[in-house]
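Chemist: Residue strings, one per chain:
Number of protein chains: 2
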Amino acid sequence: MKHYAMTGGATGIGAAIKQRLLDQGNKVTVVDIKNADIEADLGKPESRAEALAALQAAGPFDGLIMCAGVASHFPDTAAIVSINYYGTVELVEGLENHLTPNARVVAISSNSAPMCQTPEIVDRLLNTDEAQARELAAQTEGHECYSGSKQAVAKWVRRIAPSWARKGIAVNAIAPGYIETPMTKAVAESPEYADKIKQFLASIPMQRAGQPEDIANLAEFLLSDKASFISGSVLFCDGGHDAMLRPEGF
Amino acid sequence: MKHYAMTGGATGIGAAIKQRLLDQGNKVTVVDIKNADIEADLGKPESRAEALAALQAAGPFDGLIMCAGVASHFPDTAAIVSINYYGTVELVEGLENHLTPNARVVAISSNSAPMCQTPEIVDRLLNTDEAQARELAAQTEGHECYSGSKQAVAKWVRRIAPSWARKGIAVNAIAPGYIETPMTKAVAESPEYADKIKQFLASIPMQRAGQPEDIANLAEFLLSDKASFISGSVLFCDGGHDAMLRPEGF
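Chain order of the listed sequences is A and B.
Count the first sequence with the numbering used here and you get residues 6 to 255, in order.
Count the second sequence with the numbering used here and you get residues 6 to 255, in order.
Everything labelled a hint here was simulated from the structure, so no lab data went into it.
From a predicted model like this one, the values you see are computed outputs, not experimental measurements.
There are no misleading hints in this set.
To be clear about the criterion: a stretch of chain B counts as covered by chain A if any three or more of its residues have a C-beta under 8 angstroms from a C-beta of chain A, and this derived list gives those stretches:
| no. | segment |
| --- | --- |
| 1 | 158–169 |
| 2 | 208–217 |
Interface residues of chain A toward chain B, partial, derived using beta-carbon atoms under 7 angstroms:
| no. | residue |
| --- | --- |
| 3 | R163 |
| 4 | A170 |
| 5 | R171 |
| 6 | P210 |
| 7 | K231 |
| 8 | S238 |
| 9 | A248 |
| 10 | P252 |
Idealized CB from N, CA, C, for every residue including glycine.
Extracted from the complex, chain A is given alone in its bound form (with noise of 0.2 angstroms):
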């Protein structure tokens, strides 16, 4: 039995690598915005230090992953990068001392993250403060803030998986393209990205819309010791979206 801390575990992705953990006999303690073990709100600094210190207490965890996150179409940019940056960076750093030797930590990111149209708001993310990306945030789209934040984290993952892997924990991030959870349902149902999304929807090159499993497939592969040698890899699971969308990149 394995103990594995996560953010994000209510609903959709999490929730699937949740029963994935359970139903193979490990113990897997939630944090989320409610119907968790910790509850929390991911976008206030406060309640984030209050969710990091209640898991430093229930730990030490073999392994982090971290799925909290909203989607382009939450009112509250500023929240976007908050929840999704800030909600993963500040607590798989903070609980850097609280793991298992050979830990594994794999963070959600998007095959939206390359696609982002406003470098700024990664910029800010990684090299200045929350305040400051917050700041640029608010005054920002909702869809680019989504994809800034997703491309901060896999570049944040990039950045730290090296100094990781020398104390020999592995640390990856999974792109996931469209996959039909309570977030992307309500995205696809907002006046705003409703349109869109249909057409991305259509555009996918499996001809399907991914699911939770799909994900907690490889979320699983990658915790288990099949994939010790994997480390700072972005790995994207989108039916050939990214690969049409930027054939020249990976």
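Following the hints, position chain B against chain A.
Modeler: Frame of chain A, contents of chain B only:
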């Protein structure tokens, strides 16, 4: 029982994948220069055509795993691009109509792919013909031919993946880091590359060389039902080396 076709299944990464598939009760038809079901020199167009015809007769296949490759120290630098790129691309394309529904294709690229400093090699491979690519490769240093051929394989995977996905076939690339195989042992012992390889090995963040089984684990996952939403992805399995060398890219 599934029937897979492989290139480069006699040694190294390919042999580990072959063994894994056989252990699971599958049938594997191997093309290699020796010790194989179909013996061929994939660097030579006529021998490659014979191998393709033999594979077409042996199909249909549930998956293709393209591992055949030679490394930077190979004395005939034109053969590096012929074997690594055309030995993969021509066989996969020639087997397009010899696959079962929902078949999988896995091509072995390399974590050296993003490091190629000779974009002309990649361009000739992707956009011209074998004679023009060989002409440039013959005048180019071995490691540039190797990394260029592997970058071209990765980009070719991303180019074809969307249309193949629309037919239900997932095509992905694995980008291994330094894996202990007969191929890399030969490079490590070559006068030209011995010192570079020693430094490269010492810099792997995960503090160990990869083993063929590390790549077999990832290939097994990509060939399984659990990976059906992964398409057009280049999956790095390199102990954190790519993240270390290229933290801003992915």
